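Chain by chain, the residues run as shown.
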Amino acid sequence: MKIIVCVKQVPSRDAILRINETSSWIQDRDIAYDVNEPDSYAVEEALKIKEKFGGEVVICSLGPERVQVAIKEGLAKGADRGIHICDPALDNLDALAQARAMAEVIGKEGFDLVFTGLQSDDYGFAQTGVILGELLGVPSATIAMAVEVQDGEKSVRVKRELEAGWFQWYQMPLPASISIQSGLNQPRYATLKGIMNAKKKEIRKVTLSDLSISKDLLVPKQKIERVYFPVKSKKTEIIDGSAKEAAAKLVTKLKQMRAL
Amino acid sequence: MAKFKGVDFYNIDSLLTDEERLTRDSVREFIEEKLIPIIEDCYEKARFPMEIVKPLGDLGVLGASLPTEYGCAGLGAVAYGLVIQEIERGDSGIRSFSSVQGSLAMYPIYAFGSEEQKRKWLPAMAKGDKIGCFGLTEPDFGSNPAGMVTRAKRTEKGWLLNGTKAWITNGTIADIAVVWAKTDDGNDTIRGFLVEKGTPGFTAPEIHRKHSLRASVTSELVFSDCEIPEENILPLSKGLKSPLMCLSQARYGISWGAIGSAMACYQTALDYAQGRVQFGKPISAFQLQQAKFADMLTEITKAQLLSFQLGRLKEQGKITPSQISMAKRNNVSMAMEVARKARTILGGNGISGDYPIMRHMNNLESVYTYEGTHDIHTLILGAEITGHQAFE
Ligand SMILES: Cc1cc2nc3c(=O)[nH]c(=O)nc-3n(C[C@H](O)[C@H](O)[C@H](O)COP(=O)(O)OP(=O)(O)OC[C@H]3O[C@@H](n4cnc5c(N)ncnc54)[C@H](O)[C@@H]3O)c2cc1C
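Protein sequence lines, in the order shown, are assigned to chains H and P.
Numbering of the first sequence is given in our numbering, commencing with residue 7 and proceeding in unit increments.
Numbering of the second sequence is given in our numbering, commencing with residue 67 and proceeding in unit increments.
Please keep in mind that the hints were generated in silico from the structure rather than gathered at the bench.
Remember, it's a predicted structure, so these values are computed and weren't measured experimentally.
A portion of the hints provided could be inaccurate.
What the hints assert, rightly or not - Covered by chain H, per the in silico footprint, the following chain P stretches (three or more residues, Cβ under 8 Å): (1) 116-129; (2) 234-241.
As the list claims (entries may be wrong) - FRET-style restraints, in silico, Cβ to Cβ: (3) P/Pro271 x H/Arg24: 55 to 63 Å; (4) H/Ile32 x P/Pro103: 31 to 39 Å; (5) P/Glu99 x H/Val257: 54 to 62 Å; (6) P/Ile451 x H/Gly130: 58 to 66 Å; (7) P/Ile102 x H/Val225: 31 to 39 Å; (8) H/Ile32 x P/Phe352: 43 to 51 Å; (9) H/Arg72 x P/Pro103: 30 to 38 Å; (10) H/Glu154 x P/Glu99: 26 to 34 Å; (11) P/Gln353 x H/Val257: 46 to 54 Å; (12) P/Glu450 x H/Lys238: 56 to 64 Å; (13) P/Asn210 x H/Arg24: 56 to 64 Å.
We treat Cβ as the ideally placed atom computed from N, Cα and C, and that holds for glycine.
Chain P with its partners taken away, still in its complex shape (with noise of 0.2 Å):
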């Protein structure tokens, strides 16, 4: 198989600095040496490759955006976005481990945790010794997690936590939850819970007969009269607020996955073409098959140039979150495109685990779905522009 090297239609290349650049490039070649060789297999057999961890974990992509005193390696926006482009071309499952670990579990214990709770969890987990995940979404509240009926109350050595989160990557494998419960304040303030693998009342079911993500443990979270000591809690917790920072991280960083899927089902597609032979001719030479790589060509370089300055405004501060909305919307419902046209391209073949296209198809489908659906960033934005919030 030829080394893939990247698609890069108007130079996007020139406007990196040397360090993003080298960063893209060892994870483009750990991706292509250790991912790519087993990641079908573990599709098909639904197997989430442990493996992979501590070597991802050495790397150091988990949690790369945070800073180098917690044993992490303090990248900037653009390089942290290509980090997550170049894992999610090799499979978005393996993407959802690592942007729930490092945007979804590390970052709030970073962001809203205390000193002790920092040392104790973000180094180990940066080297991947630990596993976090995420529990917002519950059975009932999916796009709208304001109504979550999970609750903590308090007691007099800390908290009784009950209820249960459904859909949480990572669960069933993760040594640290990081929960999101209404407490009762009087103002049922939103507040996160560090909730450690093996607590009472803790249980972590895993969720099977999976189409998309099957790479990927996606799990329920159930809490029934579980005891959560007070050192427990995340100190500077507070309304719904903190999981939506969470959720800005990881946006962003899937804004910049899904170019990754785009390129792999691209590249795919377009070695395929111009190497099959029908009617005496490559396809690739024919009117019809050139329109579906313009298209794809062309939306995969728009992609990319919205994620690329969305990185530079975050790395001056100067993001919003109705920016990454507009970038995750774009950029997902871009891929799931690209990889439906990349399918017909391939034909039969198309359909086959031979070829990468049909698992990113596949996998994009969740992408689409979580981290707010494609309708919900559509609502985001027309609440921006036109000042009527239209969710309710």
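Excised from the complex, chain H in its bound form (with noise of 0.2 Å):
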């Protein structure tokens, strides 16, 4: 089994964020970084495949070069090698086109399973893997709860989560790609020999010229208008009259705001 895991590196959960100078997203220098949640729990899931299977796990991240210590900690992990997609001219772009550059590495470097989180804890879109399911032309799965290799690892079964506590099983033959949800198992830590073992892996770099992609592919189709923090406003209301006719009055307000 040949499995690419894609990780993105997000701001740690605590860091203090500012908004930027053109209110386009926060301020990204000076915050700490982490791996994004549920890439975490993919990395996990592919690791216990090949532990199982054999094969290889490799990470793949786009992004600046300090998303290079994203890509260390899985090689610390176990995986066997990284990728990482770095050109300033990728940054800042939306899923689509973030997503059409890994798919032409990770189309190029050929696969099993191409895993990714279901949604990174920054921008929270849950798109690149579906998209880059479509790029590359495999089936997808969101939202993944378990993963079961079958079939002489020719398919795979994928418990994925749906609303309201209900699960679905979902079989699709390979090569797949798969969001990972958090929570579907427990992720190791990185052994102290696994991170001085990491130096010794390799760690490709890929950048905008090693890519056959058009630039007018690469032109966002979504865009962030403004970032702002959430308006606090308060407001204090007395409903009067008696009990039931303030208990209508009040139904109808919690209508209007949709509360109700």
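Now that you have both chains on their own, put them together as the hints suggest.
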């Protein structure tokens, strides 16, 4: 099994966020980054499958120089090598454009499974995994809570999380793309030996010039207009009348506010 | 509980390599998940959490700076220091366990042992399958180990050991004791011996009623006509210098460990002060409390810079014992001060086991004394600065 795990680095949960000068995103200087939470589960799931079936786990990350540490974390846990797609022209694009770059690299690599996290903790679009599957021309499943390779490594059974506590089992042929939900396994610690070993593992750098994507395909189809902190406003309204009247008015109001 | 994100006012993180940060973060996560939830209970019950030994071994922290050929991680000095810092942020007792295992038991086997001794013990100790201890101190010889009275007499088959060691971390639970004794070669040369658990004539009763390092085992080692086979002497050990080399390794780690304790106390006090309201304001809004925070953060930052540069010197092979003395002396007493200040900020809650400060504070009393007391390091620095040694 050859599994490519796409890993994104996102601002740490407890990072103190400031909005940038143009209000287009957060100020990303001087904040700490972590591996996107579901991506850590994706790495673990890939490593478990490799332990069972053998093969190779490749960590792929797109982003500036700093994302190397996210790749190294995967290598330290036991992944075999890394691919770092690194080009300023690819930063700050939308999910589609970034997935195009990743799809080209992953397509050339060849794979049995591509894992992504279900969504990223920063933008939260939940798009990359599905778009990747589409661009690579393979079936996709999202929100995976269990992944079982079957059929002499020819197909995969995926337990998908639905709404309201429902699950769905889904079978598809390999190769396939799966987006992983947090909590489906217990991610291992990077051991100190693993961290030292990771230094010897290859991280291949890919820049835009290595790719044959035309510039116009990288024009974002989606744009963040403005990032702002929620505006806090306090308004108190006293509803008068008898208890019965007041309750009726309250219900109407709540319905208007779509709270009911 | 919010995830601990470290105390790093001077962006010392930017001086670390990716590997050093990954190492620190991995141990931090482990300690947060596996040690902190149980440590208060262990401390209260004076129980060493044996169940954490194997997982610590699996993570690779035991003897982490020794080379990979003996099953260790081969970490650089700064990465190793960060490991120790994170363990001690959990508890100084567990840090004592791992310092003794790595720096005081595995290191002498590595530095003074035969190839067979290294192959036999180091991989098993790195995994946490075997536990070691280090017996230097005696009831009547603490700061002055040169006066030790434990003796190893040559016999036909090896050595006969007699004497008592006191205050030995891990003693009762150790599979292997590295014991320092005077030999009868005419010069009273101090040599190291490997004494295996269960050797006739060797017992290791535990010392009870400790008010400090309660989650760590401390023992006496008693040898009465204890026969040690020839293959258990550390062949390259020679003189007091050998155990002192081990202590340099351990003291280096302790200088980092103390920062961990201080961070734990500082962060606890800060979180508390932001939430605790008196006179209509969070207590963190009062100048008197802010002064404490300013002092604590400044002292922690200074200690971090000391240890960081000390680590880089160690990596370059340029470290001196008196430089280690400065960091051990400064950082442990800094941590005690921070613990005391932090304790006051929590008021009555400060003395409660619901918060880690009092435990750290009590633990640090031992750390202040072992591995060369604060005073002894003062004298080492004094001798270095002035050329006059003032021990005797
Ligand atoms: C919990 C714990 C664990 C320990 N673990 C180990 C271990 O694993 N292995 C081991 O070998 N030892 C261990 N020790 C022993 C420790 O190293 C000694 O306690 C320490 O070296 C001090 O010796 P002492 O207690 O005999 O005090 P003393 O040497 O009697 O010192 C008492 C006081 O006198 C001062 N003093 C001594 N000499 C001078 C001087 N020349 N000038 C000025 N002041 C002086 C000291 O600074 C101190 O304040 C441990 C101790 C503790 C508390």
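Results for each hint:
1. 116-129: holds (count 4)
2. 234-241: With 0 residues closer than 8 Å to chain H, the segment 234-241 of chain P misses the three-residue bar; violated.
3. P/Pro271 x H/Arg24: 55 to 63 Å: The hinted range 55 to 63 Å holds for P/Pro271 and H/Arg24, with Cβ atoms some 59 Å apart.
4. H/Ile32 x P/Pro103: 31 to 39 Å: holds (33 Å)
5. P/Glu99 x H/Val257: 54 to 62 Å: violated (46 Å)
6. P/Ile451 x H/Gly130: 58 to 66 Å: holds (59 Å)
7. P/Ile102 x H/Val225: 31 to 39 Å: violated (49 Å)
8. H/Ile32 x P/Phe352: 43 to 51 Å: violated (32 Å)
9. H/Arg72 x P/Pro103: 30 to 38 Å: Cβ of H/Arg72 to Cβ of P/Pro103: about 32 Å, so the range 30 to 38 Å holds.
10. H/Glu154 x P/Glu99: 26 to 34 Å: Holds, since H/Glu154 and P/Glu99 (Cβ atoms, about 27 Å apart) stay within the stated range.
11. P/Gln353 x H/Val257: 46 to 54 Å: At roughly 51 Å between Cβ atoms, H/Val257 and P/Gln353 fall inside 46 to 54 Å, so the hint holds.
12. P/Glu450 x H/Lys238: 56 to 64 Å: holds (59 Å)
13. P/Asn210 x H/Arg24: 56 to 64 Å: For P/Asn210 and H/Arg24 the Cβ distance comes to about 57 Å; the hint holds.
The structure shown violates the earlier hints numbered 2, 5, 7, 8.
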